[in-house]
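Under our numbering, residue 591 is the last one in the sequence shown; the count climbs by one each step, no gaps.
Don't read these hints as lab results, they were simulated from the structure. Hints may contain errors.
[What the hints assert, rightly or not] Here are the simulated lysine-lysine pairs, BS3-like style, with alpha carbons at most 30 angstroms apart:
id, residue 1, residue 2
1, K145, K234
2, K234, K352
3, K481, K153
[Stated by the list, open to error] With beta-carbon atoms standing in for the labels, derived distance ranges:
id, residue 1, residue 2, range
4, H295, L94, 23 to 33 angstroms
5, L563, H147, 18 to 28 angstroms
6, G228, L30, 49 to 59 angstroms
7, D175, E149, 16 to 26 angstroms
8, K568, E149, 48 to 58 angstroms
9, K153, Q296, 30 to 40 angstroms
10, G448, N268, 39 to 49 angstroms
Note that this is a predicted model, so its numbers are computed, not measured. Glycine included, every Cβ here is placed at the ideal spot set by N, Cα and C.
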Amino acid sequence: MKLLVKKRVWVSASFLLSFISILVLMMKVGYPHYRWVAVTAYLASWIPLIFGVKHHMKKRKKPNPFVHYKNYIIWGSLLLVTAYVLCVMFPVHGDNFFGVTTEEIETQIEEDIYLLHASMGGLDDALISIKEHEELFTKDVEDLTIEEKTMIRELWGVYVDHGLQLERLKETHSQFYQIDYFTKPELNARSFLIAYAAFIKNYNNALELHQLIGRNQFLKTLLNEEHKEAGVPKDGYLYLENAIVSPQTIVQLNAGRLNYRFLQITRQFTEQDRDLLDFVHQGFYDVYIKIGRKPSALSDAFFTSFEERTFTYWFPVQKEVAKDMGLVKISKRDYFIKGPQVAKANTKMEPGDIVLTRKNWFLSNAGLPGFWPHSALYTGNLDEMDHYFGKSEVLGGMLVSEYLETNHPMLYEKYSMYETENESGRIIEAVSEGISLHSLAYTLDSDYAAVIRPHLTKDEKLIALKKAFTYYGVPYDFDFDFVTDNKMVCSELLYKAYEPQEGYSGVSWDLTMTAGRFVVTPNNMVKNFDQTFGTNESQFEFVLFLDGLGGMNKAYFAEVEDFRETWKRSKWSIAQE
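All chains, full assembly: derive it from the sequences and hints.
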């Protein structure tokens with residue numbers, strides 16, 4: 015009985031340490047050293063597991079089954095490895111060369127060799143262009159301007175385009191074995207040479223690019239984001255990193271080298287392919303030279319690949335937990351802010367204002383840093399925007415309503431729907447359903463609310479609104495990652511709408527590291543307001559603050575000095591009431 019209890023304790027401890035290691039890896043606890051923390055916890059998890067197995071074997075009092083079946087296990091393992099290598103080297107999918115005449119094969123090989131040279135040259139040019147802009151690819155992401163991010167995506171798009179072309183050539187000619195080696199040995203060898211040369215070029219350049227980018231995890235996130243305009247697929251850089259360390263790649267590299275040597279010895283290559291033969295010969299050694307110079311690049315690629323694969327399973331859990339926490343309200347009481355106060359607040363607001371809110375006793379507050387958990391962008395209704403901005407050159411001389419009807423018909427329809435409901439004000443904000451349009455009454459249905467106004471011209475505010483319009487419908491980012499644009503959180507919408515760019519001063523917020531991610535929290539927005547208030551660095555003016563009185567279950571209009579202190583308040587609801 016004691017042995018059984020000990021075994022369960024050891025196994026439970028092992029499971030707990032393994033879970034902690036995954037949690038540390040996914041939440042980036044202890045950034046930037048979180049990987050080593052996770053690895054240490056994982057290795058430590060083996061200690062209780064070994065003790066647990068030891069106690070289990072004592073309980074059974076039977077000989078180790080591995081000793082008895084050792085030969086079967088070894089031979090079985092060898093057969094599995096051999097089968098895997100054969101499947102990698104001779105993929106069974108497709109029939110590119112079955113039932114094809116010799117003339118057709120010759121024509122395709124000639125065309126593909128020409129395309130191979132062009133694609134390899136294009137990939138080299140793309141890598142040279144990236145190296146010429148090395149300062150962008152090694153720069154901290156939080157310091158990148160919009161123009162610099164666009165340049166990175168364009169350069170990356172060109173690289174990916176040529177890399178994918180080489181990948182297609184490799185996939186096509188990975189079926190070189192379908193060309194009869196005994197009757198068409200030269201065609202068989204040339205087809206293999208195309209596949210192996212495309213593979214070597216992609217692998218060499220991938221290693222070089224990976225070593226250039228290094229451990230800039232946030233830039234990798236940017237490169238993994240899909241951008242159809244730049245021809246960038248989703249998870250493009252992740253695919254590159256996976257390819258660097260995958261067992262399939264290692265098999266293709268070394269088994270391909272053996273087949274290359276075999277075809278050389280049997281003199282199946284022709285003199286017309288001398289350039290490709292020299293390239294493959296040198297390329298193979300270049301791979302090992304690069305790995306030898308910086309072996310840490312392989313371990314870094316492995317960790318990143320493992321993180322992303324694990325995140326694929328972790329993210330749905332994180333997403334559902336975040337959504338559920340956002341809906342769980344512990345207290346059943348009404349919010350402090352009442353309808354008449356919302357109507358009065360609306361009379362003080364202008365398009366472009368930034369709205370901050372807080373609801374006490376929501377479980378999601380526990381997972382968000384600081385007193386203020388939410389922020390939103392006030393736009394006003396269609397009539398208000400038309401009156402405030404008029405016919406602006408920012409929109410090509412159009413009214414906002416005309417611009418929305420022409421360029422964002424779904425958003426225009428949503429605005430128009432609200433017009434008929436006669437609700438006060440309009441808010442664009444990121445909620446769990448994504449970037450949405452709500453009434454002011456919906457957003458200010460809270461316990462605390464504040465409004466600040468950027469020190470910008472009307473045209474500059476309209477530029478921010480114009481950008482915010484383009485984000486309508488974008489999903490909520492449950493990973494809370496400011497680097498990507500295809501998903502957003504509440505404060506990220508404001509950060510990117512007001513992000514400075516060439517010819518536009520905008521609003522500058524410093525990104526801070528939270529759980530291994532660069533973010534701007536609503537609470538830090540208020541902190542910035544407080545610390546720069548009354549100075550030349552101030553970017554906002556105070557509009558209003560509705561402060562909650564927990565004991566009286568109501569809110570009141572407080573002063574700017576009260577608002578400035580709120581970022582220091584405890585985030586725990588019990589401290590507010």
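Here is what the structure says about each hint:
Our distance criterion of 30 angstroms between C-alpha atoms is met by K145 and K234, whose separation comes to about 16 angstroms. Distance check on the hinted pair: K234 and K352 sit about 46 angstroms apart at the alpha-carbon level, beyond 30 angstroms; violated. About 25 angstroms separates the Cα atoms of K481 and K153, which keeps this hinted pair within 30 angstroms; it holds. Between H295 and L94 the CB atoms are about 32 angstroms apart, so this pair conforms to the stated range of 23 to 33 angstroms.
For the hinted restraint 18 to 28 angstroms between L563 and H147, the CB-CB distance of approximately 55 angstroms leaves it violated. Range check, G228 to L30: Cβ separation about 33 angstroms, and the 49 to 59 angstroms hint is violated. With their beta carbons about 23 angstroms apart, D175 and E149 fall inside the hinted range of 16 to 26 angstroms. K568 and E149 have their C-beta atoms about 55 angstroms apart, which keeps the hinted 48 to 58 angstroms range intact.
Taking 30 to 40 angstroms as the suggested C-beta distance range, the pair K153 and Q296 conforms, at roughly 32 angstroms. Under the hint 39 to 49 angstroms, the C-beta atoms of G448 and N268, about 47 angstroms apart, fit the expected range.
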